[in-house]
Amino acid sequence: MRRRGYWLYLAPSLLLFLGVIVVPFLMNLGVSFTRWSGVGTPRWVGLDNYARLLEDERFWLSFQNNVALIVAMAIVPTVIGLVLAAALFDYVGKRFGTRTAAALRAMYYLPQVLPVAVAGVVWGWMLHPSYGAVNRAFGLELDWLGDPDLALATVMAVMVWFQLGYPVVIFMAGLQRVDPAYYEAAELDGASWWRRVWHITVPQIRPEIFVVLLTCTIAALKVFGPIFVLTRGGPGNATMVPSYFSYLNFFQKSNVGYGSAIATVLALIIVVVTFLFLRVQERER
Amino acid sequence: MRGPGRWAVLAALVVLAVVMVFPFLVVALNAVKSREEYSSEGPLSLPGGLYLQGVVDFWERVDFGEKLVNSLLISGSVAVLAVVLSVLNAYALGIGRVRGRLSILVLFLVANTLPQEALAYPLYYLAKELGLYDTRLSMIIIFTVIQAAFGTYLLSAVLGQFPKEILEAAEIDGAGRFRALTRIVVPISRPTLSVLMIFFFIWTWNEFFLPLIFLISNDNQTVPVALGVLQGERYMDATMSSASALLGIVPAVAFFLIFQRTLTRGITVGAVK
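Going line by line, the protein sequences match chains A and B.
Numbering-wise (the working numbering), the first sequence opens with residue 41 and increments by one.
Numbering-wise (the working numbering), the second sequence opens with residue 22 and increments by one.
Keep in mind the hints are simulated off the structure, nothing from the lab.
Glycine residues also receive a C-beta, built at the ideal position from the N, C-alpha and C atoms.
Be careful, since some hints might not be right.
[Said to hold, decoys possible] A few chain B residues that face chain A, going by a derived Cβ cut-off under 7 Å, partial list only: (1) Met41; (2) Ala139; (3) Leu140; (4) Leu144; (5) Gly269; (6) Val271.
[To be verified] Here are some of the chain A residues that sit facing chain B, going by a computed Cβ distance under 7 Å: (7) Tyr49; (8) Leu55; (9) Met67; (10) Pro155; (11) Ala157; (12) Val162; (13) Pro169; (14) Asn175; (15) Ala225; (16) Ala226; (17) Phe264; (18) Leu308; (19) Ile309; (20) Val312; (21) Thr314; (22) Leu318.
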């Protein structure tokens, strides 16, 4: 077949892509080497913003919180999701019927259908210190999101609640592929349920585990909505994350150059993480 | 495992399921209570009756109908336009196999993983220069491109497997390239395209960061932005907060139920994102 002429089909996207992604990304990179308030002419300062970042306590704190959110959004949901998927597939499905398993799966998945900002709205009122449902229902007087010692743990718990259904559904889909003969053989050999999960389930759905860890880690690195809605990075900087930190510099402090440097570092980290995951996955094959 | 052990596992799984659904129940219960009932009976009592004034008050206060229209307009347009762009791109990349297609695909993939933070300020600046700031059109354009980047990547792989014989037969019959696309490739790929369209719709509906920055006037705000900005406002009390959460939940759950069948088929498609 003739190959010429197909470029025509690509042209509209490439133009739009240039305007919406490539040019803005390069502008962001350029601005990160300047001091700029958003109006007037940016002043070239070279690597100053990046040097400042390295010494900025808030910047390091925001990444530290980001690691906590990776635990809450990627690692914990993957581990619990694995146990739940295996239990639903291999135990509930077989002994109580697939309908029971499907119903439970749907309930675990429910939070995932919400826009993440709406999940924040739900918990924002549930956890409100004076009239929130949690304090009222359990007779507590905790300031879940306003106490600096408690805020990050609370946000983490909310994010586990939000994310959990995603690995459960993906892992259960992956388990459909697994040959039941493996389980039967292992059961005959007297392998305990946990051993079967570890030695059969995990290796069989390795690709799904990779995908879930990668996508959830990226989501955790980008997290913005729940922080904006629940805590705005506070109290103090207890729940500050890079994404919100850059937003703050862009739109409230008019430190556009500094905000751009934060965003560039975040982008770099995400690209590197993606690349590493794909490398490891490649090697596994 | 037999006897009580068997039920213990099920009980543990059911308890967890109740915990997961608990916030939805609490929101639904309290959104239909009056303020007095909430303060006297607390959050866990069953409502004495359907008191909808809280929901109505909140609806009118934020003009929620308008927010729904904005969200529908933006998400609907993006879903359709992004699928159109994805199909055009994937036709050139997957079937046309244009030169340099691998680097183009990598470019699209990287674009999809880039955080929006690294594009936000320049986009904001450019939109202001072009007079597109604080318009729904700006969101439609930006999200069409972002979603199409993912769609192109996915669809190119799908169309790479497209049976060549059909296209060759069409060419012999004198069908032009555009005709082959609209009469053959699109109809045959319809199931994948509809999954893609639903995902684009929901993903765009759920977006928060860029709409928060771009849609500053009330008249243009989407549902998540309007609700997210009001969270924790002083005048919000328990029942009003509950009503606001309910209004955020209902459309999301409705879409899920409407699209469920297509979605469960395509959920592994979403896993690639």
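Taking the hints in turn, this is what the structure says about them:
no. : hint   : result
1   : Met41  : 5 Å, holds
2   : Ala139 : 4 Å, holds
3   : Leu140 : 4 Å, holds
4   : Leu144 : 5 Å, holds
5   : Gly269 : 3 Å, holds
6   : Val271 : 10 Å, violated
7   : Tyr49  : 4 Å, holds
8   : Leu55  : 10 Å, violated
9   : Met67  : 4 Å, holds
10  : Pro155 : 4 Å, holds
11  : Ala157 : 4 Å, holds
12  : Val162 : 5 Å, holds
13  : Pro169 : 11 Å, violated
14  : Asn175 : 9 Å, violated
15  : Ala225 : 19 Å, violated
16  : Ala226 : 15 Å, violated
17  : Phe264 : 5 Å, holds
18  : Leu308 : 9 Å, violated
19  : Ile309 : 9 Å, violated
20  : Val312 : 11 Å, violated
21  : Thr314 : 5 Å, holds
22  : Leu318 : 10 Å, violated
Of the numbered hints listed earlier, those contradicted by the structure are 6, 8, 13, 14, 15, 16, 18, 19, 20 and 22.
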